[in-house]
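Next come the chains, spelled out residue by residue.
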Amino acid sequence: MTRVASALFSRLVIIIPYAWLLFFFLIPFFIVFRISLSQTAVAMPPYTPVFDLFGGLSGIVEKAREFSFDNYVWLTEDVLYFNAYVSSVIIAAISTLLTLLIAYPIAYGMAKAPKTVRPTLLMLVILPFWTSFLIRVYAWIAILKPEGLLNQFLLATGVIDQPLIILNTNWAIYIGIVYSYLPFMVLPIYSSLEKMDHTLTEAALDLGCTPFTAFWRVTFPLSLAGVVAGCLLVFIPAVGEFVIPDLLGGSETLMIGKTLWNEFNANRDWPVSSAVATILLLILVLPIVYFQNAQAKADSEGR
Amino acid sequence: MKSLGSIRRSFAPWADPASKPFISVKNVTKRFGDFTAVDDLSLDIYTREFFALLGASGCGKSTLLRMLAGFEQPTSGEIILDGQSLAGIPPYRRPVNMMFQSYALFPHMTVENNIAFGLKQDGMPKADIAARVAQMLKLVKLEKFSQRKPHQLSGGQRQRVALARSLAKRPKVLLLDEPLGALDKKLREETQFELMDLQQELGLTFVVVTHDQEEAMTMADRIAVMSHGKVIQVATPAEIYEAPNSRFVADFIGDVNIFEGAVSGAEGGYVRLEGANGFPIRMASPERPAAGARSAVAVRPEKIRVSRQPPANAPVNAVQGEIWDIGYLGDMTVFHVRLKDGRVIKASSLNAVRAVEDPLGYDQEVWVSFGEDAGVVLKD
Amino acid sequence: MGTWSRFNIASIVLGFGFLYLPIVLLVIFSFNESKLVTVWAGFSTKWYAQLLHNQALLDAAWVTIRVALISATCATVLGTLAALALVRYTRFRGRMLFSGMVYAPLVMPEVITGLSLLLLFVAIGLDRGFWTITLAHITFTMCFVAVVVQSRLLSFDRSIEEAALDLGATPVRTFFAITLPVIAPAVFSGWVLAFTLSLDDLVISSFTTGPGATTLPMKIYSQVRLGVTPEINAICTILIGVVAIGVVVASIVTKQREAQRERDERAAFAQS
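Chains as they are written, first to last, in our numbering: chain A, 1 to 303; chain B, 1 to 380; chain C, 1 to 272.
In short, the hints are calculated from the structure, not lab data.
Possibly wrong hints are sitting among the right ones.
Claimed, not checked - Examples of chain B residues lying across from chain A (beta carbon under 8 Å, computed):
#1 A69
#2 F71
#3 P91
#4 N97
#5 M98
#6 F100
#7 A104
#8 P107
#9 H108
#10 F117
#11 G118
#12 Q121
#13 D122
#14 K169
All figures in this text were calculated on a predicted structure; none of them were measured in a lab.
The beta carbon of each residue, even a glycine, is placed where N, CA and C say it ideally should be.
Bound-form chain A, shown alone (with noise of 0.2 Å):
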């Protein structure tokens, strides 16, 4: 008795989860491409072939004629989709490397803290992190604002004469990701430095090089792994970033998590939105399964 209780047990440790995640997120993925092939139509839901699970294997196949890659002419044809693609491409490459360029030596200065601060540094870096991403981004509206905190304070100390525009502007995009992404950049960077052995940067000294050529050479190299991990993290999300773009950026900033709401919300172009996020998964699906690689090989390292 109990040991077929405890093959259950074991097996159900797998299956629950699985079937779960299957269900819920790999199951929408098809039925995402599969409206992303159907057509337009007022009514609801608004679009013609109506995924019927039980109308057989007939029922598919005769549904299947009326399939058509109409959305995805119609996504090629108007050069509005691509340049949203291109430049949320752009803007979330050029955010990643300013979120990078500030974690690093955040990162740095938090692994090279005296071992009784870390925690509470760690903990610091995470608490924002908790609070509502939205908040995040709309408290920033009100310091980029033209007669907002930021330029009062450069009004102020004089450092300008005219009040910067940055909202409404990419400048306050990439702000915007920068800071919500930040955390995701430093906690991975934080912990392969942390976990580095600090005797290789004392070897490289000790071999001749200057603290400089040390961090160059054995340092950054050994954690890499980190900043890939964190660029991943915050690039990935970014391209698809919906909240920013929208607070923050102007009516004339593409972005396609943007074009995807105004479509589905707006349009209530059901498979235009569908095909449009079929296509960002595919631009994404390279860097999501090298994050998931990642993952996995830092996984059975740390076994």
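Keeping the supplied structure of chain A fixed, place chains B and C upon it in accordance with the hints.
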């Protein structure tokens, strides 16, 4: 090449007042906050010497080594290397290299690149680097492993790479921090002799930190026994073992029986003690302590005899007891003999023949005794 | 490790200033007398008083809290199981796919997750509303729980489980009597993480919601689009305050417990 022994026997620059030390540690103190790791320590180390810093963990030996390497700065005092003060010189400008306890091999570089690392920092021409790396690989017998990464090597191979890397720059002094600590016993013993040969061959000065007394005894020309940031005794291995200058050193190195007592007289190079264990002791000693002073005699187990018959000069240096424990170690047998007052004395005897007629057994009444020059009279 | 140089300290101070200054400013201006959020006109708590009379807002808050409580609890169970599956069962059919499905949601753009879940709910004919939001939140937060619990399980000393098995406990008993108590702190922090992620979520909720189920972030978002007001600052301050107090209290409790354990160990060591 001359054999190690012939070089060793004549090598004693510390005994020659005319020779100048290569490394001079002068009144060095190192404090970390309230903790004093090294306490007003002075030492001289000579060219081509194999010098060991021996002590328990936390005695300050590693801190001293790290000050030689330049990773720590003395709080006060100074270190002089080859006539030049090392004060303020960073580790990367010192003509010394270190072999780390953890080996500190760069995990992202091959064996070859690890060894070449220091040479590249010096801007050595590429061809020269290649030649030097090949030479080092040959020296540590790792020619076949040049393209491997550290994680693809065994512990012994990693140790050799670390050694080759620290030797590649031909440092004036090689510092070794517990160089054999991570190896298993058999490999450790082999490597001890290899290190000694290498040191002779290259003519370098080695300073090794270890907590393993056997390792220090085997390899070093001289040993500094350290405790609580101070050097207790600096001497050759034989002197340390046979003539410890204190109870601490006697106790720290090897097994020892310590007999306490009050001095009752001293004549003609001998000291007499009224032993606290109920028998008088007469021991050779260059010192002449005053009568009535408390003193102690240290006698190593192998210098104690165990016999059924009372020795000729009993009861001087001899006392009765019963055999409490017998430990057979193959090459020798260790006896624990319990005296009437409960004190247990350790004695060991060499098993020179394969089988002894009527060997000593448990619970037998025996005499333990030692000669008049078997032990050392300790000062404290 | 090494020395903490001036450069290190400066980068930390500047970095943390950057992280905290916007939040601090937001909190300060929630107490502003004026309706302008960028000009200080004296201290006032009137915006907080107004909040209490905003029934729609209070309703949204209540929906949000219920969603967060239910979804965090379910996500913790599922996420812990997923972590166990990943760490303990290194070989089973489709493990690659499984680990992929655990890690991918961590980086998946929210618009994609939101859209795909919505289309699933439509396809299976589920009425959209409170429960679809909850299901969606369980799905994306369970992966965060899995990662948190997994990192604890990786450093778990399995010999104590083997000892329990050796002493006659069944694997199921061993899990509940030994494994779970040891990993409990990680499971708890996983729950807190899932709870706050659910509390904060805007995009996925917006996609999967239906009539009558408006969450607080959705409410805030629709007001933010109309402009910055001290009233929103006040809601945000309350949210920040709740989360900050929760996290700080939790970390102080764990720290004290650890300190207590260290003291006990030292005392035990001194006695022996």
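Here's how the hints hold up against the structure:
A hinted interface residue such as A69/B counts as satisfied when its beta carbon comes closer than 8 Å to some beta carbon of chain A; here the least separation is about 6 Å, so the hint holds. Interface hint status for F71/B: upheld, as the beta-carbon distance to the closest one in chain A is roughly 6 Å, under 8 Å. For the restraint placing P91/B at the interface with chain A, the shortest Cβ-Cβ distance is roughly 4 Å, inside the 8 Å limit, so the hint holds. Hint status for N97/B relative to chain A: holds, with the closest Cβ pair at about 6 Å, below 8 Å.
Interface hint status for M98/B: upheld, as the beta-carbon distance to the closest one in chain A is roughly 5 Å, under 8 Å. This hint holds: F100/B has a C-beta 5 Å from the nearest C-beta of chain A, less than the 8 Å allowed. Here the hint on A104/B is kept, as its CB sits about 4 Å from the closest CB of chain A, short of 8 Å. Here the hint on P107/B is kept, as its CB sits about 7 Å from the closest CB of chain A, short of 8 Å.
Annotation: H108/B was flagged as interfacial toward chain A, and the flag holds, the nearest CB pair being 5 Å apart, inside 8 Å. Hint on F117/B holds. Least Cβ distance to chain A is approximately 5 Å, under the 8 Å limit. Interface hint status for G118/B: upheld, as the beta-carbon distance to the closest one in chain A is roughly 3 Å, under 8 Å. For Q121/B, the shortest C-beta to C-beta distance to chain A is roughly 4 Å, which falls under 8 Å, so the interface hint holds.
Taken as an interface hint, D122/B checks out: its beta carbon lies about 6 Å from the nearest beta carbon of chain A, inside 8 Å. Taken as an interface hint, K169/B checks out: its beta carbon lies about 7 Å from the nearest beta carbon of chain A, inside 8 Å.
Hint compliance for this structure: every hint is met.
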